[in-house]
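Protein chains: 2
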Amino acid sequence: MPLREALRFIREALRPEPLGKERVRLEEALGRVLAEDVVAPFDVPGFRRALMDGYAVRAADTFGASLEAPVELKLVGEVRIGEIASVRVGPGECVEIATGAMLPEGADAVVRVEGTAREGERVLVMEPVSPGQNVMETDADVRAGEVVLKAGTLLTPQRIGILSALGLEAVEVFTRPRVAVFSTGEELLRPGDALVPGKIYDINWATVTAAARLAGGEPFFMGVAPDELEELRAFLARGLEEADVVVATGASSVGAADLMREALSALGARVLVDGVRCKPGKPTIIALAGGKPIFCLPGKPTSALLTFMLFVEPVIARMAGLAGMARPVVEAILAKRVVPDTGRHNFVFVQLTKGPEGKLVAKPIFKDAAAITALGLAQGYVEVPEGTEFLPEGSRVRVTLLWPAWPVGRSDLVPEAHVN
Amino acid sequence: MPLREALRFIREALRPEPLGKERVRLEEALGRVLAEDVVAPFDVPGFRRALMDGYAVRAADTFGASLEAPVELKLVGEVRIGEIASVRVGPGECVEIATGAMLPEGADAVVRVEGTAREGERVLVMEPVSPGQNVMETDADVRAGEVVLKAGTLLTPQRIGILSALGLEAVEVFTRPRVAVFSTGEELLRPGDALVPGKIYDINWATVTAAARLAGGEPFFMGVAPDELEELRAFLARGLEEADVVVATGASSVGAADLMREALSALGARVLVDGVRCKPGKPTIIALAGGKPIFCLPGKPTSALLTFMLFVEPVIARMAGLAGMARPVVEAILAKRVVPDTGRHNFVFVQLTKGPEGKLVAKPIFKDAAAITALGLAQGYVEVPEGTEFLPEGSRVRVTLLWPAWPVGRSDLVPEAHVN
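From first to last, the protein sequence lines stand for chains A and B. For what it's worth, the numbering used here labels the leading residue of the first sequence as 1, then goes sequentially. For what it's worth, the numbering used here labels the leading residue of the second sequence as 1, then goes sequentially.
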């Protein structure tokens with residue numbers, strides 16, 4: 001199946017949607033996604049508020065005031081910030097007021113302190129103010145009943161501040177999808193296992209669980225499944241029972257993939273995608289069982305990570321209520337000619353360095369995808385669509401970085417980035 | 001003090017450095033920073049590994065092999081992946097081998113299965129291989145003793161995968177600096193408090209603790225400190241006792257700032273910065289007590305968030321072992337003329353929209369910085385250096401986004417971003 005079609009299948013056949021809601025305190029809300037519109041329960045600021053240090057006055061009393069002809073008002077009290085204004089301003093009167101304090105009854109404007117002079121209980125006003133001047137109205141900031149933040153909003157520090165302004169201690173957010181991860185491959189050891197000749201430590205459990213967490217999921221690693229039908233079936237079944245998404249890596253060699261297909265079929269899973277015309281990623285299998293998606297990714301670490309990003313990450317992100325994940329895209333000069341595999345959409349991993357004129361240079365990584373050094377060097381990838389004969393050395397390419405990756409909410413601006 | 005000087009003071013007088021180390025399991029390592037060089041404890045893969053499905057052979061036996069003149073070898077066994085190769089390949093012999101499996105003794109190359117034909121125990125080799133072909137050497141990926149990841153490396157999914165390849169279950173990372181946060185202002189309520197006329201809910205506790213967490217800190221909120229010398233002193237003292245950094249917001253109005261200065265002096269704190277020639281941020285105070293930094297930021301929400309980003313965030317990030325925090329910088333067209341305050345470095349908050357030709361348009365936000373709607377609308381800021389008369393409508397400006405923000409490790413590439 002062509003890559004584009006596989007990606008459309010994921011959107012249209014899997015239709016990933018948020019799964020549930022939970023209540024979290026604002027302290028724990030960073031990076032979570034609002035599950036409901038947040039409506040202001042009251043006006044903000046909720047009272048008429050002075051925007052300057054000065055004197056609360058009746059504006060009409062100050063009309064015509066100037067340095068040469070100041071207006072004299074009688075000081076009848078003071079309102080400090082945080083206090084209920086108990087004093088009243090009558091004609092010819094004024095009240096000392098602090099920025100942020102409540103405007104007393106009778107007053108409709110504030111003369112800033114710099115525009116006044118004081119002699120005991122007499123205040124000379126040397127500049128006129130118009131009604132409402134230097135005053136924030138009761139509902140000037142937010143009106144009660146107004147939707148302040150919409151469902152689907154990613155909670156950033158700024159937005160958590162807004163929730164706090166509404167007096168909220170906790171909010172409804174989408175739950176994080178549970179992601180069951182297992183590896184397959186008779187050669188794999190788990191960290192902590194003793195090293196045995198012929199075997200290597202598993203890498204994919206670590207990259208996939210970390211990437212799933214980054215995308216808003218709650219991953220857990222189930223272990224390394226032996227290459228046996230019943231074992232594979234049992235791993236898949238337990239994954240489906242305990243999680244919302246199942247991700248297996250490594251069942252891509254010919255025999256192992258056949259076993260995986262059998263195990264999927266034994267579970268009644270419907271295979272949506274069996275093989276994608278991309279490199280890496282050809283042996284990817286995507287299936288659906290009881291409404292839950294199962295992803296079988298190739299076993300080489302860079303291949304597993306890339307196919308996770310392409311196929312799994314957007315599903316997890318959407319289940320978490322996000323619009324997706326974004327990564328920066330940068331322009332670079334290709335350091336070496338790239339000849340892609342024909343008949344497939346190629347992803348070429350590159351290492352980036354600064355060239356002579358400060359321009360970025362993308363050096364293709366020709367190491368075997370199984371090498372952990374390849375995993376270490378890869379800073380991004382260049383896409384070479386099916387049908388491209390080759391990319392000449394020195395050509396300008398667009399590189400999607402593997403890191404940083406950040407969550408994108410429904411209404412977020414995404415500058416110069418690739419969104420999955 | 002000019003902005004540039006204040007920023008230099010932070011680097012040179014505070015000299016933020018990582019504070020300690022702790023051991024975390026790989027499952028918990030995402031986003032943490034390595035506190036020590038990671039040295040490979042063994043060679044990777046650790047044995048000679050087949051890179052193709054095929055036959056392990058003595059390369060010399062295949063020299064001259066072709067489709068027309070195949071070389072016949074005797075099949076003497078099989079090595080499967082994960083197994084110890086117990087069979088030996090003698091002259092004229094071969095062993096069936098799977099990708100990733102251990103090369104048996106005697107063999108020095110692998111002929112891919114596509115280059116062979118098999119008849120029972122006879123294998124016809126139709127293409128020659130050179131010694132080492134299709135074989136990954138014992139230490140081809142990583143050599144024992146090699147530094148694989150350096151101290152100061154930010155742990156991404158890829159790098160956690162590399163740690164896993166080395167069989168590590170846990171690694172030493174820098175501890176997260178503890179950040180004590182308190183607010184000041186008689187008008188402030190905490191979420192959960194009953195709403196009282198004249199008072200408003202505190203915003204800064206929420207934005208500052210979330211932003212501190214984002215920068216790699218472990219923040220905790222101490223509460224709202226009353227405007228009294230002894231109380232302020234007690235809040236500061238407790239913050240210094242329980243945390244590595246203390247952040248107070250709101251003590252910026254004339255009287256409150258004086259109290260704060262007195263409280264700092266009562267604690268023997270050395271004031272490094274008292275006022276910065278920037279807007280917002282003028283009343284910022286930065287002090288040092290017992291080697292720990294204290295930041296007193298203005299109280300208006302956007303001002304508090306911006307000064308946190310400018311002054312506090314890089315200190316927390318460096319204490320967490322990071323190089324800093326990065327945010328995207330984008331080009332936009334200014335929608336309205338901006339006349340900055342003279343004699344100060346101005347930060348003008350803007351809202352971004354897509355203009356007619358897809359270009360970004362930056363609309364300055366003229367709302368009062370105290371308004372939560374200003375906080376909600378601000379997507380980024382434009383810097384207007386001291387001495388700039390004005391920025392005309394339609395000019396091209398560089399906008400630093402407030403979000404996303406991502407941590408940067410010492411060796412990380414930072415494309416088109418502002419790093420604090």
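Check the hints yourself; a few may be wrong.
Note that identical chains are pooled: a pair holds if it fits in a single copy or bridges any two copies.
[To be verified] Here are the simulated BS3-like cross-link-like pairs (lysine-lysine), alpha carbons at most 30 Å apart as the crow flies: (1) Lys-150 x Lys-363; (2) Lys-21 x Lys-363; (3) Lys-354 x Lys-292; (4) Lys-21 x Lys-150.
Derived from the structure by calculation, the hints contain no laboratory data. In this text, all values refer to a predicted model and were calculated from it rather than measured experimentally.
Looking at the structure, which of the earlier hints fail to hold?
Of the numbered hints given earlier, those the structure breaks are 2, 3, listed in rising order.
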